[in-house]
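Now for the letters of each chain:
Protein chains: 2
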Amino acid sequence: MSRPVVGMVGGGQLARMTAQAAIALDVRLRVLAASPEESAAQIAADVVIGDHDDLDTLRAFAAGCDVITFDHEHVPTDHLRALEADGVAVRPGADALVHAQDKLAMRERLTGIGVPCPDWALVTTAGELAEFGDRIGWPVVVKTPRGGYDGRGVRVVATAAEAADWLERGPLLAEARVDYTRELAVQVARSPHGQAAVYPVVETVQRNGICREVLAPAAIDEDHALAAQRAALAIAAELKTVGMLAVEMFDTPAGVLVNELAMRPHNSGHWTIEGATTSQFEQHLRAVLDLPLGEVAMTAPAAVMANVLGSDDPERFGDLYGGYLHCLAHDPGLHIHNYGKTVVPGRKVGHVTVTGADPDDLLERARHAAAFLRGEIDG
Amino acid sequence: MSRPVVGMVGGGQLARMTAQAAIALDVRLRVLAASPEESAAQIAADVVIGDHDDLDTLRAFAAGCDVITFDHEHVPTDHLRALEADGVAVRPGADALVHAQDKLAMRERLTGIGVPCPDWALVTTAGELAEFGDRIGWPVVVKTPRGGYDGRGVRVVATAAEAADWLERGPLLAEARVDYTRELAVQVARSPHGQAAVYPVVETVQRNGICREVLAPAAIDEDHALAAQRAALAIAAELKTVGMLAVEMFDTPAGVLVNELAMRPHNSGHWTIEGATTSQFEQHLRAVLDLPLGEVAMTAPAAVMANVLGSDDPERFGDLYGGYLHCLAHDPGLHIHNYGKTVVPGRKVGHVTVTGADPDDLLERARHAAAFLRGEIDG
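Chains as they are written, first to last, in my numbering: chain D, 1482 to 1860; chain B, 1482 to 1860.
Read the hints as simulated data drawn from the structure, not as lab findings. Any given hint could turn out to be false.
Claimed, not checked - One-sided excerpt, in silico: chain D residues whose CB lies under 10 angstroms from chain B:
1. R1484
2. D1507
3. A1515
4. A1778
5. L1806
The C-beta atom is built at its ideal place from N, Cα and C for all residues, glycine as well.
Just chain D, with the same shape it has in the complex (with noise of 0.2 angstroms):
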């Protein structure tokens, strides 16, 4: 194969930072986009206007690209199944990707493979989720199995009534509410010839189940996070994962267990672009194309990533860069990421990412930058 093209579906910002590595690799990204506006189309050179719900979309799409790979989880797995039908390499393939598509399918295999994860069943009715929080003990956790996402599609309920009107609309996953000491992220790249690169572990900072920051390493015993990347190696193994995997966890005094799957790059991996030798997008990249994967060692001792969440005030916080001038000059150190998104209250907008030795210093500046970006500080 001589300069790929990887057609990655879904033009949201892990499709913009994407093509930043496709230049630097001369791999030419072409980015399947809802509309020109969004954050890669703004940027990328080869882009197509396309609904991914869309069969023959995707065909078209398809047929000019050496691999397809995903910027989101919202492909309708019957239409990956058509394409590889088609002879299209789908990267990761539709049997993988349904894990992240799917948390029930999710639920089912990782409990087959003996991979910890929190209480849970299946639940169709009322009867049956009752009996489940009746065991299990109040409150519950509910999902929706597809399309949740930032929180989304979650709910925690006290009785099964508080969820009758989404068990209307299907079945549900029900689990137990984990009473965790932190969220927990690990990245597992692996390639269709089965090389496999596990990050270190991190930690994941939420509030309103949006994530906040990430702290890179996670700062917990070494026997959880050796844990947590067995677990997520095995997890890419099992499911024949190709590209970046996301592993979502829950970090407790009895061990690690699974929250959520992501096979894509992910936020929880932003650090990487300054973090980590090989940034998750070029990493993305490698490992959809079968090419060696790179180095996974953190370049400094610890960075720290936040996210820039959309003003609750867009009148006046709507343009991000009004605040480089302060935070520019604030911290020389500090990277920021604009994905060039329109500002609506609480979206994410961007994120800043900083480097070095000391955690608490490093917590408090990203923390800083993405508060005053956001119109949460005033200059």
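Add chain B to chain D, keeping to what the hints say.
Frame of chain D; chain B shown alone:
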């Protein structure tokens, strides 16, 4: 200014790597390229095809930009002055840039501000050249004032007669041939409001007039390194450069002497992408936009960059991608930058960078990868 548009005249690899930095900052980079095949034109979302020698083209290009900057020195100085008269923010400005375009203007100015240079003379006749050579000793270096790069426009002559053909076309710069221990480069970023930041002094290893490797930091005495940094800062301040300035120097037992200037991102600073907190490409954008400059500290004790030159057998090694499997497996810490250019023997078509603690090991690794990608080593 919100979401500024930076217009970069020239579509080579410097514009290409600047585009990667522009994506992170959400600065819109508009590239004026001579053809759609140029390195940056292949990957940028906003490309204008046109002739940088044509003032009307430049005016139309500048009309949609907040700032104009450059990937090369080839825009006629009069055109730059005309754009400035139109009110265009040309950065660096014509008064500064002329010293990177015209070697005679550079020598006159540097000598005027007391920066150490090799002995030199403006010569317009064979008699003047002979007088200079007889005075400082033969052989003598003669240079055409404009248009030289990568060893072109430079000739070492043992007699005045050997420069007769060039003298027919105009005045030349004659210089003493310096007996140097190594070649150095220093980069300074400077903003319109006067903030300046100087990167570590690096050694540039040249063969046949072409830079082959860059070693950061240069293994030189601290007093020579400080003198080199002070000279570069003085040049930036006196000439009021804006953006990146590269000062190429000779290190001699008696001290450093300035060889050439470039006022743009430069080959001697490609190592900063991975090896410094702020890359020269992001720094150039920050400087021309008058944003605060970024930290210039190294991310590792040492970094080595090696240029990948086009193979002498482009039929066989015309596709750098063919070398990726070996190079990336051989060295998981290797960073490949492939400019997407057609392979022509000796042309700079990419570079590789490695960072770490042991300069000798880094040099061996970078040389191996560059040689392999060029087809000099059979896998």
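Tested hints:
no. : hint  : result
1   : R1484 : holds, 6 angstroms
2   : D1507 : holds, 4 angstroms
3   : A1515 : violated, 17 angstroms
4   : A1778 : holds, 8 angstroms
5   : L1806 : holds, 7 angstroms
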